[in-house]
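Protein chains: 2
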Amino acid sequence: MSGEFELIDRITADLEVRDDVLLPVGDDAAVLRLSGDTVVTTDMLIENVHFKRQWSPARAVGRKAVAVNVSDVESMGARPSSVVVALAFPKDLDQAWVAEFEEGVKEECATAGVSLVGGDLSSAAIIAVCVTAIGDLEGRRPVTRSGANAGEVVAVCGRLGWSAGGLAVLQRGFRSPKELVAEHLTPTVPYGQGALASAAGATSMLDISDGLLADLGHLVERSDVGIDVETARVEIPEGVERVAAATGKPALGFVLAGGEDHALAATFRNEAVVPAGWTVVGSVNDSGKVTVDGVAWEGSTGWDHFG
Amino acid sequence: MSGEFELIDRITADLEVRDDVLLPVGDDAAVLRLSGDTVVTTDMLIENVHFKRQWSPARAVGRKAVAVNVSDVESMGARPSSVVVALAFPKDLDQAWVAEFEEGVKEECATAGVSLVGGDLSSAAIIAVCVTAIGDLEGRRPVTRSGANAGEVVAVCGRLGWSAGGLAVLQRGFRSPKELVAEHLTPTVPYGQGALASAAGATSMLDISDGLLADLGHLVERSDVGIDVETARVEIPEGVERVAAATGKPALGFVLAGGEDHALAATFRNEAVVPAGWTVVGSVNDSGKVTVDGVAWEGSTGWDHFG
Chain E
1 MSGEFELIDR
11 ITADLEVRDD
21 VLLPVGDDAA
31 VLRLSGDTVV
41 TTDMLIENVH
51 FKRQWSPARA
61 VGRKAVAVNV
71 SDVESMGARP
81 SSVVVALAFP
91 KDLDQAWVAE
101 FEEGVKEECA
111 TAGVSLVGGD
121 LSSAAIIAVC
131 VTAIGDLEGR
141 RPVTRSGANA
151 GEVVAVCGRL
161 GWSAGGLAVL
171 QRGFRSPKEL
181 VAEHLTPTVP
191 YGQGALASAA
201 GATSMLDISD
211 GLLADLGHLV
221 ERSDVGIDVE
231 TARVEIPEGV
241 ERVAAATGKP
251 ALGFVLAGGE
261 DHALAATFRN
271 EAVVPAGWTV
281 VGSVNDSGKV
291 TVDGVAWEGS
301 TGWDHFG
Chain P
1 MSGEFELIDR
11 ITADLEVRDD
21 VLLPVGDDAA
31 VLRLSGDTVV
41 TTDMLIENVH
51 FKRQWSPARA
61 VGRKAVAVNV
71 SDVESMGARP
81 SSVVVALAFP
91 KDLDQAWVAE
101 FEEGVKEECA
111 TAGVSLVGGD
121 LSSAAIIAVC
131 VTAIGDLEGR
141 RPVTRSGANA
151 GEVVAVCGRL
161 GWSAGGLAVL
171 QRGFRSPKEL
181 VAEHLTPTVP
191 YGQGALASAA
201 GATSMLDISD
211 GLLADLGHLV
221 ERSDVGIDVE
231 TARVEIPEGV
241 ERVAAATGKP
251 ALGFVLAGGE
261 DHALAATFRN
271 EAVVPAGWTV
281 VGSVNDSGKV
291 TVDGVAWEGS
301 TGWDHFG
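Protein chains in written order, with full-length UniProt numbering: chain E, 1 to 307; chain P, 1 to 307.
The hints are simulated quantities; they were obtained by calculation from the structure and are not laboratory data. Backbone N, C-alpha and C fix where the C-beta goes; we use that ideal spot for every residue, glycine too. Treat the hints with caution; some may be incorrect.
Unchecked claim - Chain E stretches covered by chain P per the calculated footprint, using a threshold of three residues with CB under 8 Å from any CB of chain P:
1. 74-82
2. 112-121
3. 194-204
As the list claims (entries may be wrong) - Straight-line distance between alpha carbons at most 25 Å, and here's what the computed SDA-like set of lysine to any residue pairs gives:
4. P:52 to E:90
5. E:52 to P:49
6. P:91 to E:54
7. P:106 to P:9
8. E:91 to P:54
9. E:289 to P:8
10. P:91 to E:49
11. P:91 to E:53
To be verified - In silico negatives: residues of chain P with every beta carbon more than 12 Å from chain E:
12. 57
13. 96
14. 107
15. 132
16. 153
17. 175
18. 207
19. 231
20. 234
21. 244
22. 288
23. 289
24. 294
With these hints in hand, go ahead and build the complete structure from the sequences.
Take a look at the structure:
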């Protein structure tokens, strides 16, 4: 295994950074010149908790670690700027794993439009990845979870149910529908839509990571409102229908309560201002709870690491 | 074990934040309003690699995780602003460990003058901590590793050799000199000195984490200069003398090549501008290497995780 400094040199040799990076990787810290307020969020991915090596190629782990963090920056209405990536792994891990992880990180950074500006390498008994993402509000105010008002509409942007469908497939030992499995391994974050929604006047917004209903529950709590989701407006992807049929679970459950979607949910004053690419799925009321077609949801709602 | 959301609620219940935090913990991301460029750095602490549970109380792990990151912000000449802390731990870990870790994080944040603005909790087979620290350059230019010039002086601020001495003590199964062991478990970072050195005209600066000589080697390489350390100007702490006598290792080795000091080293145009609290230990020349009293150092120089 090559030494820590050699490995860092290799990883950082061909890094390209955006104009807002004054000082890239290579010093004690990176320096960014942002035009507005600074958004910061962090998330860890742990082997055998968030991913399994036999299911997730290293490249997918690298991509997902960046994606799930940048998604949180998007949900504040900010432009994603940069990430720092800390990686710990066993000393006997195949070097190819680290190289592919690194490619995945760079690939997702390019897709998201962010610069990789720092990191840390360490040994550990398991693989642990921690990414922190920085965003630039560019003069806009942050779009929080607490700005929703009764009478507004709820819209989503991104893929709901795909990731949970993919996980169900993997858990049964299968690999298809491939598009759902791929989505579970690396979510397709709707990059750029957070800033667009903010500019369109989104009153509240958040990243859907615990499942749509669970996360709308956070909006309801923080905004002191209620939300009703209309199932007639919720699209059920064809792949999710197939997984639902194969597993005997309701398709709607994957979409409403699946988790790890890393789509965006936001509220807007009315349907007319909702940007293209967003789908209205419900409305804000004053019931104090999340309902589905007017009644409480009977299925599960999201997941909890320590539940 | 309480659920993830309950635990987060408990940790964030009594958080105080500084004026530069527009949006604290509780949304998808935190928002900071900095007055200058944004500094960002990240570091992981892994159980059985960076700390051992039988040596480090949870409080010390929490403090150290914050300290080593803020030290990197200091070394850019920035004012430390905020940290985000990701923690992964085994499901069966004693709840008291998490509570004490959390106290340590908050304690060190208070000492460093930074706000805890976000985090992530996860389960894992081992304890893994990842902290990202954010700094505000407040209109100053970053002080990098590449600005040193021949003819300047090299000065240090902080405690050299204490941490390595403490580690040697622990490795032999002892607990004293207590002040060295304490320093190994939680380094005493010279908070505020980075910005002070920058204002005094420091031409280059870095955090001493791999050992003084190894880190000065980074300065030499990046600034394309040479550095000579004069041992007559290097203070040997009394505790380090005692450990050296007990272990039969040269005391100077702990101070020059110990590692994990988290002190600061900087170069200044001349001795007259070096701020109070800093000690001149050598000079910058054009030799292209680090020497000690004019000759190459024969002992070890720093450590490498994957060496």
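Each hint tested on the structure:
no.	hint	in the structure
1	74-82	holds (count 4)
2	112-121	holds (count 5)
3	194-204	violated (count 0)
4	P:52 to E:90	17 Å, holds
5	E:52 to P:49	22 Å, holds
6	P:91 to E:54	23 Å, holds
7	P:106 to P:9	15 Å, holds
8	E:91 to P:54	23 Å, holds
9	E:289 to P:8	22 Å, holds
10	P:91 to E:49	11 Å, holds
11	P:91 to E:53	21 Å, holds
12	57	21 Å, holds
13	96	16 Å, holds
14	107	20 Å, holds
15	132	4 Å, violated
16	153	20 Å, holds
17	175	26 Å, holds
18	207	5 Å, violated
19	231	26 Å, holds
20	234	22 Å, holds
21	244	27 Å, holds
22	288	18 Å, holds
23	289	17 Å, holds
24	294	26 Å, holds
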